[in-house]
Amino acid sequence: MSTQHGRFGEYGGQYIPETLMNEIHALEAAYERYKNDPDFVAELDALLADYAGRPSRLYYAEKLTKKLGGAKIYLKREDLNHTGSHKINNVLGQALLAKRMGKTRLIAETGAGQHGVATATAAALLGLECEIFMGKEDTERQALNVYRMELLGAKVNAVTTGTQTLKDAVNEAMREWVSRTADTHYCLGSVMGPHPFPTIVRDFQAVISKEAREQILTREGRLPSAVMACVGGGSNAIGMFYNFIGDEGVRLIGCEAAGRGVDTPLHAATIARGSTGVFHGMKSLFVQNEEGQIAPVYSISAGLDYPGIGPEHANLYATGRAEYVPVTDDEAVSAFEVLAREEGIICAIESAHAVAHLLKIAGEFGKEESIIVCLSGRGDKDVAAIARYRGITINE
Amino acid sequence: MSRIANAFTSGKAFIAFVTGGDPSLARSEEYILELIRGGADLIEIGIPFSDPIAEGPVIQEANLRALAAGTTTDGIFGLVASLRKKTDVPIVLLTYLNPVFKYGYERFFAACEAAGADGIIIPDLPFEESAEVRPTAAAHGVDLISLVAPTSKARIAEIAAQSTGFLYIVSSMGVTGVRSEITSDISGIVAAAKAATATPVAVGFGIHSAEQAKEIARAADGVIVGSAIVRIIAENGEDAAEKLYEFARGIKSGII
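In order, the protein sequences belong to chains A and B. Each residue of the first sequence is one higher than the one before, counting from 1 in my numbering. Each residue of the second sequence is one higher than the one before, counting from 1 in my numbering.
There's no promise every hint is true.
Said to hold, decoys possible - Per label pair, the in silico range of CB-to-CB distance:
1. B/185 <-> A/264: 49 to 57 angstroms
2. B/10 <-> A/265: 48 to 56 angstroms
3. A/391 <-> B/183: 54 to 62 angstroms
In case anyone wonders, no lab produced these hints; they're calculated from the structure. Where a beta carbon is used, it is the ideal one built from N, C-alpha and C, also for glycine.
Turn these sequences into a full structure, and let the hints guide you.
Below, the structure written as structure tokens:
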């Protein structure tokens, strides 16, 4: 899908300060050099298998399937990866790349904390210094993950600028990187930012659909009718979509956070309510006002609480290849509970957005068809927040 | 000769930055005229943006104050047009690409021309992406000011060769803000730029004292002061005029 210089259709590009340009070119050159280097690939594959626990399972959710009465439901269990989400796939790749580039320090933004935990984990494993930027509001929503990162040896900076959420964490991580590139790699957590990040992160996450495609063909002997994933920046979604893009009969469905509803100001539904703009290094779709000021966004899910979307998703939407639907807090919380009760799986509130849409549409498919939903992460981190949402106070 | 070129004809240029609309558009006009009275040769006006990733805390907060005060892009054009009736000092706008993109490139640069803005600085528009803006800016007689950084190395010559108006040399790694010392090889970067272009070169990021300005002006054609001015406005609110005049006099006297 990638065209010239990191463009996906009109989206993508490298809209960053001059101070970073040589560094981003060096990253691009290093990635081109190592992505097919046998030693690099072997080292990454070994870590993905023995450390992260890949391949992740493709689980047939029989009970849920019967309840919904439509397509066979398969869950791609990224929640079972080490550190509890798909983020580790990208982080191990970038951390190894950073080491090859001679970097000794990783910095990263995090929303829910999953990417921060994954980055801190890789840094601990590979002997790199690590500093994480996290919106102050998110450090409160996800206090457990903050301590988890600190246990892993990372320094966590609570970002107090702007809306104090993921967008501002990215701002601060970029400001830090502009200040210090010589020893530092910015381990960006989603398929966003300036080229080559959307491509690098996509390639490292594409393992999700590479495995899932083989697994479903083995199980069902045919391709699924749809694959689904939640979308914030869009890394688990692009990972889930990528190897199915060429399979025309497979619907690609991204589920974005509608918060209290797309007709309220409290949402993070970039596709439903955004417009084209340039921010965080990329031309893409953003939630913004008519002056081009980036809007504050809202979702119960800290991981989806972002006003933009990766440029490849913007293009998949523009070309009609993928469809994107908004899912509210209420729907996501209900789906979180349904999956727990029906299948005994407590998934991340982010992933629950995809499950919620599945609950709506599964019945529209025939029993001989199948749908794969990417369970991008596990929900331990969200239990206290869900309890609060239901008006229950528990001691964490 | 263009107004920007004029700024560099009588000695070293003092380039002063204010965030437009901080604390209000009326005060911005007053403060800019005071800076000019104190010796500023060129004025940079920031169009506020919600997420200025190249700015340190001082200018970030000024952006948020200006937005909270209701400042719009059209408001800034109004400010420029009003200043144009009172001064011939060149005015360069500074903003991030998104407000320009959202306004529409053609409409934006036509508005620059109509108001009398001479140039624009866009910190998140590097050389490689500048082609989407440059021809439209040029068609309206607006100079797209290029930036080079301490990390630019071989890129300096390429960027300098395309520069118009003046070339903005970023003195240090990192974001804008007052620095006690500037450790980059400024004279080396200036020399590399001057080998590639006759465009005047000005240095910014971190400069806050007459002493620093004097040191920088030994190598460069101009010095750019932003955060130090914005801080005076932050600390004095509606009553910054006299302090800004004195500050501008101090900087200008350092570089004459």
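Satisfaction of the hinted span 54 to 62 angstroms by the C-beta atoms belonging to residue 391 of chain A and residue 183 of chain B: Holds: the Cβ-Cβ distance is about 56 angstroms, inside 54 to 62 angstroms.
CB-CB spacing for residue 265 of chain A and residue 10 of chain B relative to the 48 to 56 angstroms hint: With a Cβ separation near 52 angstroms, residue 10 of chain B and residue 265 of chain A satisfy 48 to 56 angstroms, so the hint holds.
Distance restraint hint 49 to 57 angstroms, applied to the beta-carbon atoms of residue 185 of chain B and residue 264 of chain A: 53 angstroms, holds
No hint from the list above goes unmet by this structure.
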